[in-house]
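Using the sequences plus the hints, can you model the full thing?
Here's the letter readout for the chains.
There are 2 protein chains.
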Amino acid sequence: MRDFSDGHGWLSINTATVRRQEGRERGLLDIVGQCEAQGIRAISPWRDQVAAAGLEATARAVKAAGLSLSGYCRGGMFTATDAAGLEAAAQDNRRAVDEAATLGAACLVLVVGALPGALDGRPRSKDIGLARRQVEDGLGALLEYARSCGMPLAIEPLHPMYAADRACVNTLEQALDLCDALDPAAGGDLGVAVDVYHTWWDPKLEAQVRRAGAARLLAFHVCDWLTPTTDLLNDRGMMGDGVIDIPKIRGWVEDALVAIGSWPHGALLLSATGLGLVAFGLYALILSRYGHIRSPDLDPTDALKRMGA
Amino acid sequence: MRDFSDGHGWLSINTATVRRQEGRERGLLDIVGQCEAQGIRAISPWRDQVAAAGLEATARAVKAAGLSLSGYCRGGMFTATDAAGLEAAAQDNRRAVDEAATLGAACLVLVVGALPGALDGRPRSKDIGLARRQVEDGLGALLEYARSCGMPLAIEPLHPMYAADRACVNTLEQALDLCDALDPAAGGDLGVAVDVYHTWWDPKLEAQVRRAGAARLLAFHVCDWLTPTTDLLNDRGMMGDGVIDIPKIRGWVEDALVAIGSWPHGALLLSATGLGLVAFGLYALILSRYGHIRSPDLDPTDALKRMGA
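Quick mapping for you: the protein sequence lines, in order, are chains V and Z.
Under the numbering used here, the first residue of the first sequence carries the number 1, and numbering increases by one thereafter.
Under the numbering used here, the first residue of the second sequence carries the number 1001, and numbering increases by one thereafter.
Incorrect hints may appear among the rest.
Stretch by stretch, here's where chain Z covers chain V in the computed footprint (C-beta under 8 Å, at least three residues) [as the list claims (entries may be wrong)]:
#1 127-134
#2 152-164
#3 190-203
#4 217-229
#5 243-255
Quick caveat, the hints were computed from the structure, so don't treat them as lab data.
In this text, a Cβ means the ideal position worked out from N, Cα and C, and glycines have one as well.
And the structure:
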């Protein structure tokens, strides 16, 4: 596992976590400047912060500061009570893809939505199964558009305590099942954002991280689970202050990123072909040297000598 | 699905929900009296309430009131930081089994425990994997004792937001995996308590309820998930006030209780054998009537007439 103790080169700041400073809202361009001053190399900004600062202005500031965007927060919220609501969500998601592309983000992070109205405390449905079907439909349509823009989509499974009001995708397994259904080629267009806060409790986390592999792991978010947790949304801890064994989970993620089993099919096929060619070449050389093929015109010993072997 | 709209014959009251009345603690014997007066036919009392009222006195009061115990809350809390702690938990759990037997409870409900110390806000470990292994070990040992007492154990998977401080078994699938590992015969000694509050969000709930079946479904708890939820422990809703589609989940449970696929292996094998015998018997009769076996001494027509067929 990589040693992060002597630097924060791999750290990206979710700008929602620093929007309130000294009791007031801090603009995104200010935050970009603060990150530059602190040697932070990547951020993950939120759409409303970008909208307030201006999309083009943000893109310029990010570029000038030499920052990269580990992700763009957030698309999703696919669910609705009627066709007009579903279409409005679809349009808004396409705009989010466009913005992410303008900003040069590595991926668009998706919080997929849940029971319509629940986020405002007025749920208009109890049918979480319907919400999940709407998410799958909306995501499938958005994937076509995002592919055409070259913008990867990262489904972020949220903690089950957000199943009613924020996201009805609540385990990594469920997110990966969606990925496999909508993007079986696993070429990098659709993947997951794994947040330890949302997933640390999951008894299948290690196995599902391995299943995700390099083809699906698009983002890794860290914070910590405090005991007791006094607020469902805003009582998250700094890394180390809570009970999540973050290094262990990061180890699983890093292992999955390099494991051959996690390679997408194309890369695996190419590697297998390459290995096959190498093996056949070696076999040919050995056969020509020690086998029964002899020709005064083709002495492999000389040929090998000339190749410097 | 059964119609519960015209009576509460199937309702059991978890006595923790009525312990505070008009600002003060109400004793369990009082609660038993109140249930009897309201025509409530079953309760699920808590250990501390029973201890305060006295075990024998409670057993007598429950019997006098004609109440049945749908379950006894609760055993579990198997995890600890050292061997002494594990042994203390084991002893306490055996006492819980004894009490449940004295009270004539249908099962002992288990909240299995999580990170030692976390419930007191001072977690002494971040190793949820170790906690899960301790739970499996403790449960396996308790199962032997509970079997000898004839007391079924019901694992209650708790909502993942309680993974740190109350229970590290957080999905029905995980609970059933534990059941299958420790009690492969599925003869009714070990099962699950399905609480809609803890499980409603689970995308695999329907499939896992079906998997559980009659052999594992020992209890079904209902309340509701409110939006917003303002407290992780005490902000539960009355049935119907929240977003859980309780009738749908109850339908899954009722279907699972009668589905042949949910029968334990023994019952399934016996049924298959019985059906096989019936089929062979019919085949023999048909063969003897229409086939090539003829004997003046054995006229099946007469035999059937004598049997009244």
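Now the hints, each set against the structure:
no., hint, in the structure
1, 127-134, "holds (count 3)"
2, 152-164, "holds (count 5)"
3, 190-203, "holds (count 4)"
4, 217-229, "holds (count 4)"
5, 243-255, "holds (count 3)"
In the structure shown, no violation is registered for any of the earlier numbered hints.
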